[in-house]
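Enquirer: Please take these sequences and the hints and turn them into a complete structure.
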Amino acid sequence: MPTLRELTHREDRLAGGHRLCAGCGASIAVRQILLAAGEEPVVTGCATGCLEVSTTIYPYTSWKTPFIHNAFENSAATVSGVEAAFKGLKAAGKIPADKKVKFVAFGGDGGTYDIGLQSLSGAMERGHDMVYVCYDNGAYMNTGIQRSSGTPKGAWATTSEVGKAQAGKIQKRKDLTSIIAAHGIPYVAQASISHWKDLTTKAEKAFAVEGPAFLNVLATCPRGWRSPYNKSIEVAKLAVETGFWPTFEVENGIWSLSAPSVSAERRGRKPVTEFLQMQGRFKHLFKPENAELLAEIQTDVDDYLTYINGRCGG
Amino acid sequence: MTEKRTVAATGNVVVAEAFRQCAPDVVAAYPITPQTTIVEEFAKFVAQGRVHTEYVTVESEHSAMSACVGASAAGARVMTATASQGLALMWEELHIASGMRLPIVMANANRALSAPINIHCDHGDAMGARDAGWVMLFAESAQEAYDNTIISLKVAEDPQVLLPVLTCLDGFITTHSIERVDLLDDETVESFVGEYEPQNALLDLDNPVTHGAFAGLGGPFFEFKRAQRDAMDRSKAVIERESAAFSKITERPFGLIETFMMDDADVAIVIIGSASGNARHVARELRSEGVKAGVVKVRCFRPFPGAEIVSALRGVKAVAVLDRAESFGAQGGPLFLETRSAMYDAAERVPLVSYIYGLGGSDVRLELVREVYTDLSDIVAGGSVPDSLVYLGSR
Amino acid sequence: MSNWDISKIDSWKSAQFPLGAVIPAGGNSDDYVTGGWRSERPERSIEKCTDCLICWIFCPDTAIRVADEKLADDWVDLDHCKGCGVCANECPVEAITMVPEGCEIREAK
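Protein chains in written order, with the working numbering: chain X, 590 to 903; chain Y, 38 to 432; chain P, -13 to 95.
Derived from the structure by calculation, the hints contain no laboratory data.
Just to be clear, a hint being listed does not mean it is correct.
One side of the interface only, derived from the structure: several residues of chain X facing chain Y at Cβ under 7 Å [said to hold, decoys possible]:
#1 P630
#2 T645
#3 F656
#4 H658
#5 T667
#6 S669
#7 G670
#8 A681
#9 T747
#10 R858
Built from N, CA and C at the ideal position, the CB exists for glycine as well.
Expert: Laid out in structure tokens, this is it:
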């Protein structure tokens, strides 16, 4: 596990000059993950979304790696094709048999939890040697903050509005990480941009395994979360400390709670309101008429952690 | 020395054989009737170790074409096959493959689109993709399906083209009927298709490139589309050149269109695919009855051989264009629309009638074809031209 | 600067563009200036800074420069820093403060 000092010797594979918002969590995730990929070449893919569009506005690209964007729902299938080409060209003798290349596909929660789920499931099941990274900011941010199945319960979004008859999103966030873990692939983990050591360690493991690996990374969206630009890391950290976003990994089927969450549990889980109150998308929850919903959200968080702890044998 | 093997085989079996001989680096495909036996045959080659291909058994046609796009952008030679609903599910990817200028070859077993669900032949699937930027070839027979597949790869990968090619064969009629087919030996095919030299390959790791960039916000999207149009236009000469080279090896003719008894024809049918033989059969019968009937078979639909069709129809007094596909609300079927548009450039104004036939595998009986020629002869004799399209043989 | 010369791109004809909208360059957005988005810029107190590199790992804009395992002397790439303030907020020793912008920046292409 490299230290920050050691990581500075590696090439930053995402250049500046991209058009993501100030304080965007997606590029923070990408930088940490690609730094963790090590010295070997990486081929990158990305689903349509903020990250893709903001980093590849013609004629500029922020990717120092070979990069492919195809469409919204097929980042996994597309990169699986690139990986297949690598194998096919090796078999044809056009690429040396001992050549090593890493393959990584990125997608937001909309492109992963929702429209890209089938493509992701297929790629994971087929066993391609690739990493899939979901940068989860909890809504379709690129099209203007519409709810996805990754949007938390109670969150305001432009298709789960707040009014007299509805208090934001009605449904719970889908537990995508567990769904992918159920594929029985070598490595699955949930992490947050706020805990760089945990995230880079997990990314390093994901790149190291032979076969598919999946990372679900909480990535703040100041625009969609209605949080201050400078608080992107702070709010993500609170997501972990309140148990809203537990960090864990599933390594060859063995579940374990990761250090950031172990430490949060040891110190005493903070109330989820500390995470929620930093964000404008949850402000309606603090009105008296939504007290019950707020309590329900705390219960959901507690229940999810009980489930995750159970899977982790704790 | 070229060795030829004569086999009795279905269209799908010989398409799979052509795939094997073209030695793709990646095949990503999904089963769908009546294409399935292509990917099944190919799976045998994989299991037998007869191909080096990385065979990606995806979970849908959308992912099939998505993986093909990734593999082709990576620098691999890529082939796949689909049909009907599968082609429809690929819809957005078809445009992306051509927009990214990826020379993917895909066989399409022509089958009707739902609803109602129907597994039999018509061209509604392929015609639905006619504006997707793919070169489109249609086979009449298993032999043509084999030949078209090999030529398609050569055309797709030509540096002047670099476009995907859809190579169509009629569902069940051609995909599943056993026909006599002459196959080339592996070395001849290998040497004909040559080595693929990819441009801007993702796996050229020393020269990183970005594929699939955003060209909006005043970006040069319009210029990229124009470049695609220019490549499609150039593909015509490349098809002609490569098909001539291929004909030299096989001693089989290959044209963008193929004419039958057109030199002095008064009445003519323009048609695509397996029913062309029915048209020729009836035309031959009519000739013995003194009717100067002819047939124009269209083998290449994109780029559309408009000038060739106009030239073939010179002197004809009435023309029927037979479409095995609907274009609801339009003034005729897709082939009719193209043909009539091309005929605007003809020196003389010729009556053209749009016939829709054989949808969902409905039979194209010889008497129906004869009915068409009779209608044309009536028009030539002074009868009126139908003011709307004709559903041939429909109740 | 990237090796791909796009200085005359506005006058290119369709045939002059690389095939299929490919960008034949890696990371050429380095040449694109987003510094103009900024209303505040980070300033660092050399006395307080411990070179812990937390600001570097959390920067969304790859705008913090490092050299020899420390922050570089010209530690902020002002062509790309958007002034989000994450670095100042995360600095464990409060060595970074955000100050109102007023510096000269290159014109955005």
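Enquirer: Provide an ascending list of the numbers of those earlier hints which the structure does not satisfy.
Expert: Hints 9 and 10 are the ones this structure does not satisfy, whereas the remaining hints hold.
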